[in-house]
Amino acid sequence: MSGFFDRFLNRGKEQSSAKSAKERLQFVLIHDRINLPPERLQQMKEEILAVISKYVDVAAEDVDIALEQRERNRNMLIAEIPFSKSRKVEDSAGAAADNTNAHTASATDDQHDTRAESPEDEAASDDETTDKPASQ
Amino acid sequence: MGAKVITVTSGKGGVGKTTTAANLGVALARLGKKVTLVDADIGLRNLDVVMGLENRIVYDLVDVVEGRCKLRQAMIKHKQFDDLYLIPAAQTRDKSAVSPSDMIELADKLRDEFDFILFDSPAGIERGFRNAVAAADEVLIVTNPEVSAVRDADRIIGLLEAENKGPGQLILNRVKMDMIRRGDMLSAEDVTDILAIRLIGIVPEDETVIPASNSGVPVTLNENSRAGVAFRNIARRLTGETVPFMQLDESSGGFFNRLAQWFAGGQNNRNS
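Top to bottom, those sequences are chains U and W.
Residue numbering for the first sequence follows our numbering, beginning at 1 and increasing consecutively.
Residue numbering for the second sequence follows our numbering, beginning at 1 and increasing consecutively.
Hints are computed from structural coordinates only; laboratory data are not their basis.
Wrong hints could be hidden among the right ones.
With a Cα cut of at most 30 Å, we get these calculated DSS-like pairs of lysine-lysine [to be verified]: (1) W:K176 with W:K109; (2) W:K109 with W:K70; (3) W:K70 with W:K34; (4) U:K19 with W:K12; (5) U:K19 with W:K79; (6) W:K12 with W:K70.
Only part of the chain U face toward chain W is listed, based on derived beta-carbon distances under 10 Å [claimed, not checked]: (7) Q15; (8) S16; (9) A18; (10) K19; (11) L29; (12) D32; (13) R33; (14) P37; (15) R40; (16) L41; (17) Q43; (18) S53; (19) I65; (20) R72; (21) N73.
The C-beta atom is built at its ideal place from N, Cα and C for all residues, glycine as well.
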């Protein structure tokens with residue numbers, strides 16, 4: 001009975017020690033299982049980003065590369081690497097240079113040659129040439 | 001029909017492997033099964049004292065493997081159950097005195113005569129562990145709801161899978177419902193979420209366990225022990241019976257208690 005009230009009294013306080021035990025274990029075990037300590041993962045992320053950035057502009061601040069466990073033996077590296085919304089265009093280098101750092105929605109929405117990132121954008125832009133067949 | 005060979009292991013020491021092996025052996029014998037317990041913890045012999053059989057040892061596992069005695073001579077019959085035997089570990093040798101193939105050979109010699117052969121594994125992940133799981137058809141991983149024990153259990157599961165012995169089934173030992181309710185202990189659901197293996201038993205922390213090993217009478221034989229009930233339930237599950245997980249709540253178990261448990265998530269085990 002007291003436990004019932006304890007739960008409520010604890011609600012407002014910091015998270016329970018059991019909850020942090022669970023989170024800490026989940027974090028440490030995923031690294032244990034693939035034998036890749038967090039420090040090395042960070043190194044790997046930086047290298048991956050460096051390679052991708054050689055070819056395309058990456059919105060570095062929105063990159064999310066993380067380990068994820070689906071089932072016991074299905075650990076995977078999930079990488080979400082959005083391209084920078086402004087794209088360097090060779091024949092309009094001046095304009096592109098101005099846009100390189102522009103990440104605000106208003107700045108990029110006006111650009112028709114922007115490679116659309118989100119599904120809504122893809123659907124909205126008719127002149128968009130993507131390698132994925134548009135869903136009809 | 002041949003025996004089922006089951007190894008009790010854990011990675012971390014002190015989580016209750018030997019207590020579990022002793023109790024499952026006795027509980028299976030109580031169900032009328034023919035059982036041999038093998039103490040594979042060479043150099044740190046303990047299953048004999050927990051079983052109350054320490055005074056009867058003449059030969060041990062290493063004597064069998066090295067041919068100094070016949071297998072039968074090293075098998076100590078339990079005081080109360082005629083079909084329960086213990087093969088004790090050697091106390092003055094180390095893990096390298098036996099090999100995994102010795103253990104497979106030993107198990108094969110016993111398979112025809114018994115229903116269950118239980119190996120009690122040493123702690124750790126080295127030779128002793130490999131010896132103990134070599135012959136296993138099934139592995140039981142004992143853990144406690146603590147970060148260190150759960151992490152070691154995960155490592156063991158990984159090693160078992162690498163040897164095609166996995167993933168094994170989990171026994172969560174020393175569970176304290178009141179602490180789970182307060183949010184101060186991982187629940188069975190938390191642990192199975194983390195380890196992603198099947199749960200075969202939840203054993204409550206119980207003050208009858210230490211007096212039982214003090215006197216060399218496994219707690220399974222104490223009708224009033226909650227841990228004893230939990231071990232008997234695991235034994236029944238090992239025989240293929242479906243047994244619901246027991247209510248771990250120590251108090252009256254009224255509506256509010258169940259509600260409290262529901263909030264704590266402790267009894268919502270999806271594997272139960």
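Going down the list of hints, with the structure as the test:
no. : hint               : result
1   : W:K176 with W:K109 : 41 Å, violated
2   : W:K109 with W:K70  : 11 Å, holds
3   : W:K70 with W:K34   : 19 Å, holds
4   : U:K19 with W:K12   : 22 Å, holds
5   : U:K19 with W:K79   : 46 Å, violated
6   : W:K12 with W:K70   : 33 Å, violated
7   : Q15                : 8 Å, holds
8   : S16                : 3 Å, holds
9   : A18                : 5 Å, holds
10  : K19                : 7 Å, holds
11  : L29                : 5 Å, holds
12  : D32                : 7 Å, holds
13  : R33                : 6 Å, holds
14  : P37                : 14 Å, violated
15  : R40                : 18 Å, violated
16  : L41                : 18 Å, violated
17  : Q43                : 23 Å, violated
18  : S53                : 35 Å, violated
19  : I65                : 23 Å, violated
20  : R72                : 4 Å, holds
21  : N73                : 7 Å, holds
Checked against the numbered hints given earlier, the structure breaks hints 1, 5, 6, 14, 15, 16, 17, 18 and 19 and satisfies all the rest.
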